[in-house]
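Peer 1: Listed below are the residues making up each chain.
Number of protein chains: 2
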Amino acid sequence: MRVLGIDCGYRITGYGVVDTNGADCLLVRCGTIRSKPSDALALRLRQIHGGIVDVIRELEPDVAAFESLFYSNNVQSALKLGHVRGVSLFAAAEANLPVFEYSPLEVKSAVTGYGRAEKLQVQQMVRALLKLEIAPEPFDASDALAVAICHVHSSRFNRAIAATL
Amino acid sequence: MRVLGIDCGYRITGYGVVDTNGADCLLVRCGTIRSKPSDALALRLRQIHGGIVDVIRELEPDVAAFESLFYSNNVQSALKLGHVRGVSLFAAAEANLPVFEYSPLEVKSAVTGYGRAEKLQVQQMVRALLKLEIAPEPFDASDALAVAICHVHSSRFNRAIAATL
Numbered sequence: 056m057r058v059l060g061i062d063c064g065y066r067i068t069g070y071g072v073v074d075t076n077g078a079d080c081l082l083v084r085c086g087t088i089r090s091k092p093s094d095a096l097a098l099r100l101r102q103i104h105g106g107i108v109d110v111i112r113e114l115e116p117d118v119a120a121f122e123s124l125f126y127s128n129n130v131q132s133a134l135k136l137g138h139v140r141g142v143s144l145f146a147a148a149e150a151n152l153p154v155f156e157y158s159p160l161e162v163k164s165a166v167t168g169y170g171r172a173e174k175l176q177v178q179q180m181v182r183a184l185l186k187l188e189i190a191p192e193p194f195d196a197s198d199a200l201a202v203a204i205c206h207v208h209s210s211r212f213n214r215a216i217a218a219t220l
Numbered sequence: 056m057r058v059l060g061i062d063c064g065y066r067i068t069g070y071g072v073v074d075t076n077g078a079d080c081l082l083v084r085c086g087t088i089r090s091k092p093s094d095a096l097a098l099r100l101r102q103i104h105g106g107i108v109d110v111i112r113e114l115e116p117d118v119a120a121f122e123s124l125f126y127s128n129n130v131q132s133a134l135k136l137g138h139v140r141g142v143s144l145f146a147a148a149e150a151n152l153p154v155f156e157y158s159p160l161e162v163k164s165a166v167t168g169y170g171r172a173e174k175l176q177v178q179q180m181v182r183a184l185l186k187l188e189i190a191p192e193p194f195d196a197s198d199a200l201a202v203a204i205c206h207v208h209s210s211r212f213n214r215a216i217a218a219t220l
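First to last, the sequence lines map onto chains A and B.
Those letters in the first sequence? Residues 56 to 220, by our numbering.
Those letters in the second sequence? Residues 56 to 220, by our numbering.
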């Protein structure tokens with residue numbers, strides 16, 4: 056199974072793709088999609104959508120995983136992030152990928168065992184879990200890989216539960 | 056010039072298309088795009104995007120106009136609305152339509168002369184300005200027409216200013 060994890064951001068959206076045989080995870084690729092700050096909102100959304108479509112076309116993931124919730128005291132930030140999540144979720148749905156969502160707590164817990172872990176801890180655990188020599192950068196990319204790994208763990212857990220029923 | 060106005064909403068997104076010769080506005084069509092509440096978010100966004108794409112393909116507007124700001128004390132509502140605005144703005148950008156945004160104050164002022172007008176007043180003024188026998192319904196559709204009319208007024212105003220320079 057090939058899993059695409061996406062970490063949505065208005066300026067930088069991270070993506071991370073891993074392969075799994077059900078036990079181990081292997082890095083396929085990670086990176087970032089950037090929108091041009093000087094461009095109008097609609098154009099920036101088109102750039103972000105285009106970037107995700109390219110990743111999906113090239114790497115052909117089987118599923119897409121996103122963070123489900125966003126905590127913010129700032130309505131304007133939430134609205135902006137919502138725009139990016141909108142086109143990102145749409146790009147996955149458009150490609151007929153099953154979409155899974157995990158809370159930040161679930162993602163951090165799955166990767167570090169601690170729901171309030173810092174980005175640096177998440178990045179280091181992603182490096183260890185994927186047996187990489189150097190940590191994936193920037194945080195947008197390592198966070199996206201963490202979402203993908205969370206989906207792998209969650210699927211494995213669900214299968215294990217199903218096997219005991 | 057043919058103007059598409061869009062009033063984004065998570066459950067119901069209104070659209071309104073008007074033709075203008077620079078002086079009068081003529082209704083082409085208005086209506087709503089609904090997403091299925093029982094479906095997952097990504098699928099609902101696909102339905103909304105698909106609805107807007109259909110309207111653009113069929114009615115071939117020259118420009119798209121949106122409300123620029125959303126006032127809310129609720130971060131979750133802002134985030135949800137952001138998703139819908141994201142795919143809606145993207146649908147317009149994807150069709151290479153120039154995108155214009157107007158604040159709710161500008162839209163209400165353009166149509167009723169009063170920035171804090173109620174939806175019913177906006178609906179009645181839209182009916183009068185488009186010389187319709189019955190008011191366009193529901194509010195989602197009349198609000199979308201108001202955004203389109205606001206763009207027509209704004210373009211006319213800008214042309215008038217340019218002519219005096």
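Honestly, the hints are just simulated from the structure, not real lab data.
Among the hints, a few may not be true.
It does not matter which identical chain is used: a pair holds within one copy or between any two.
[Claimed, not checked] Derived pair list, reagent style DMTMM-like, types lysine to aspartate or glutamate, alpha-carbon separation capped at 20 Å:
id: 1; residue 1: K91; residue 2: E113
id: 2; residue 1: K91; residue 2: E156
id: 3; residue 1: K91; residue 2: D109
id: 4; residue 1: K91; residue 2: D74
id: 5; residue 1: K174; residue 2: E156
id: 6; residue 1: K186; residue 2: E149
id: 7; residue 1: K174; residue 2: D117
id: 8; residue 1: K186; residue 2: D94
id: 9; residue 1: K174; residue 2: D94
id: 10; residue 1: K91; residue 2: E115
id: 11; residue 1: K186; residue 2: D117
id: 12; residue 1: K186; residue 2: E115
id: 13; residue 1: K174; residue 2: D109
id: 14; residue 1: K174; residue 2: D79
Peer 1: List, from low to high, the hint numbers that the structure doesn't satisfy.
Peer 2: Numbers 1, 4, 6, 7, 8, 9, 10, 11, 12, 13 and 14 - these are the hints that the structure violates, sorted from lowest upward.
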